[in-house]
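Please model the complete structure; the sequences and the hints are all you need to start from.
2 protein chains.
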Amino acid sequence: MEKTITKGNTEVQILNAARKVFIKKGLDGTRMQEIADEAHINKALLHYYFRSKEKLFEQIFEKALNDVFEVINRCIYEDGDIYTFIETFVTHYLSLIKENPFIPNFIFNEITTHPERMKQLSTQFKINVPAFRHMIEKNINQKKITPIRPEHFMVDLLGLCIFPYVSRPLIEEIFFKEQPAETEHFLNERKQHIIFLMKKALQA
Amino acid sequence: MEKTITKGNTEVQILNAARKVFIKKGLDGTRMQEIADEAHINKALLHYYFRSKEKLFEQIFEKALNDVFEVINRCIYEDGDIYTFIETFVTHYLSLIKENPFIPNFIFNEITTHPERMKQLSTQFKINVPAFRHMIEKNINQKKITPIRPEHFMVDLLGLCIFPYVSRPLIEEIFFKEQPAETEHFLNERKQHIIFLMKKALQA
DNA sequence: GTCTATAACCGGATAGAC
DNA sequence: GTCTATCCGGTTATAGAC
Numbered sequence: 050m051e052k053t054i055t056k057g058n059t060e061v062q063i064l065n066a067a068r069k070v071f072i073k074k075g076l077d078g079t080r081m082q083e084i085a086d087e088a089h090i091n092k093a094l095l096h097y098y099f100r101s102k103e104k105l106f107e108q109i110f111e112k113a114l115n116d117v118f119e120v121i122n123r124c125i126y127e128d129g130d131i132y133t134f135i136e137t138f139v140t141h142y143l144s145l146i147k148e149n150p151f152i153p154n155f156i157f158n159e160i161t162t163h164p165e166r167m168k169q170l171s172t173q174f175k176i177n178v179p180a181f182r183h184m185i186e187k188n189i190n191q192k193k194i195t196p197i198r199p200e201h202f203m204v205d206l207l208g209l210c211i212f213p214y215v216s217r218p219l220i221e222e223i224f225f226k227e228q229p230a231e232t233e234h235f236l237n238e239r240k241q242h243i244i245f246l247m248k249k250a251l252q253a
Numbered sequence: 050m051e052k053t054i055t056k057g058n059t060e061v062q063i064l065n066a067a068r069k070v071f072i073k074k075g076l077d078g079t080r081m082q083e084i085a086d087e088a089h090i091n092k093a094l095l096h097y098y099f100r101s102k103e104k105l106f107e108q109i110f111e112k113a114l115n116d117v118f119e120v121i122n123r124c125i126y127e128d129g130d131i132y133t134f135i136e137t138f139v140t141h142y143l144s145l146i147k148e149n150p151f152i153p154n155f156i157f158n159e160i161t162t163h164p165e166r167m168k169q170l171s172t173q174f175k176i177n178v179p180a181f182r183h184m185i186e187k188n189i190n191q192k193k194i195t196p197i198r199p200e201h202f203m204v205d206l207l208g209l210c211i212f213p214y215v216s217r218p219l220i221e222e223i224f225f226k227e228q229p230a231e232t233e234h235f236l237n238e239r240k241q242h243i244i245f246l247m248k249k250a251l252q253a
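So the protein lines, in turn, are chains A and B.
FYI, in my numbering the residues of the first sequence are 50 to 253.
FYI, in my numbering the residues of the second sequence are 50 to 253.
Hint data in this document are derived by calculation from the structure and do not stem from the laboratory.
There are no misleading hints in this set.
If chains are identical, the list can't say which one is meant, so a pair holds when it fits in one copy or spans any two.
Using 25 Å as the maximum straight-line C-alpha spacing, the simulated DSS-like pairs for lysine-lysine come out as follows: (1) Lys-226 x Lys-175; (2) Lys-192 x Lys-248; (3) Lys-73 x Lys-102; (4) Lys-104 x Lys-92; (5) Lys-73 x Lys-92; (6) Lys-112 x Lys-226; (7) Lys-102 x Lys-74; (8) Lys-226 x Lys-187; (9) Lys-226 x Lys-168; (10) Lys-168 x Lys-112.
Treat the numbers as computed from the prediction; the structure is a model and nothing was measured.
Structure (structure tokens):
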């Protein structure tokens, strides 16, 4: 009776466990045994459900990439106001990262350590670049913002949001060694700070 | 005679080879055989010179971290003008990354995949935080810039410089799929763009 | 110092009982 | 579907000749 709670979803348990371990340790650093332990099942079951380590990994990687692209696309409206865009983008993106702080690092690392394979997996995801470019250019033409290359704008926003989480251990070590709790507070301040920074930088 | 060119510096050859492989593949993804091949020597020699894979790795990791911190510290002057700081910092930092584009990813990844060990190694490096804070606060008091928390300012600069290189494969895929050579041009534009962006954002 | 050969170990994958 | 036991390839590390 109590067992029914988890009955039938061994597959889900495995996926959750795999996600947790892969994201923290990467493809090469992950041991199938550790996933099995985390999922409270036997190593052999992993192969029963997913055939191989790599097959299991691909599912996790694709899902992670999909989440990241989805949030970006949800914020893009061809005719949107750019100041609204900045606010919604930063808000949604930071909340995604806050809930999954290891994801960006995970993605970047797998792409650089296994370029061929990951590149192939990553090509299926797209962001709506034409709509994004259109939005920026329209706002420029309306003199709402100073001229800027759309690609720089997007990279700026992503870098400002993502970098503090990717480099968190070093930031903690450098700036907040004496009061580690302050790091959390600092990261929470980022939202207002980034919005302020980008709005001011873009003023026409 | 020709052999003397490399005689006596087997150790250096190994370090160069190890650096190249570790930085691209990470600690877990690196095989000692690959380092040996890259250095054109035998696998056993690696152990003769460095005892173990981990010992060899530590040397590479520490050197990488040291380079990164050194550049930052070289730009900090307690009484410096902040607009000068922005220019020299961005210039030096981008040229470091351009020459070693995989270093940031390498460092972040090792710290997250092996937190205990790497944290320990990273504590020996410091940036001159008091001088940096002093510089920012002085410039604020002189009304040269709008008030900003020094930590945010540093994280902004680093993120804007580093992120485009860390995410290069995705940027290429998303924005420049049709003309991959354009990525290089885009990255070269970053220097002027970041300087422009930060100066404008900080204006008093 | 540098090599070849091999030991010792680990981890992904499979066989086969239940 | 789930387990235990085991295989087998690959990888770090060492022994020992030169």
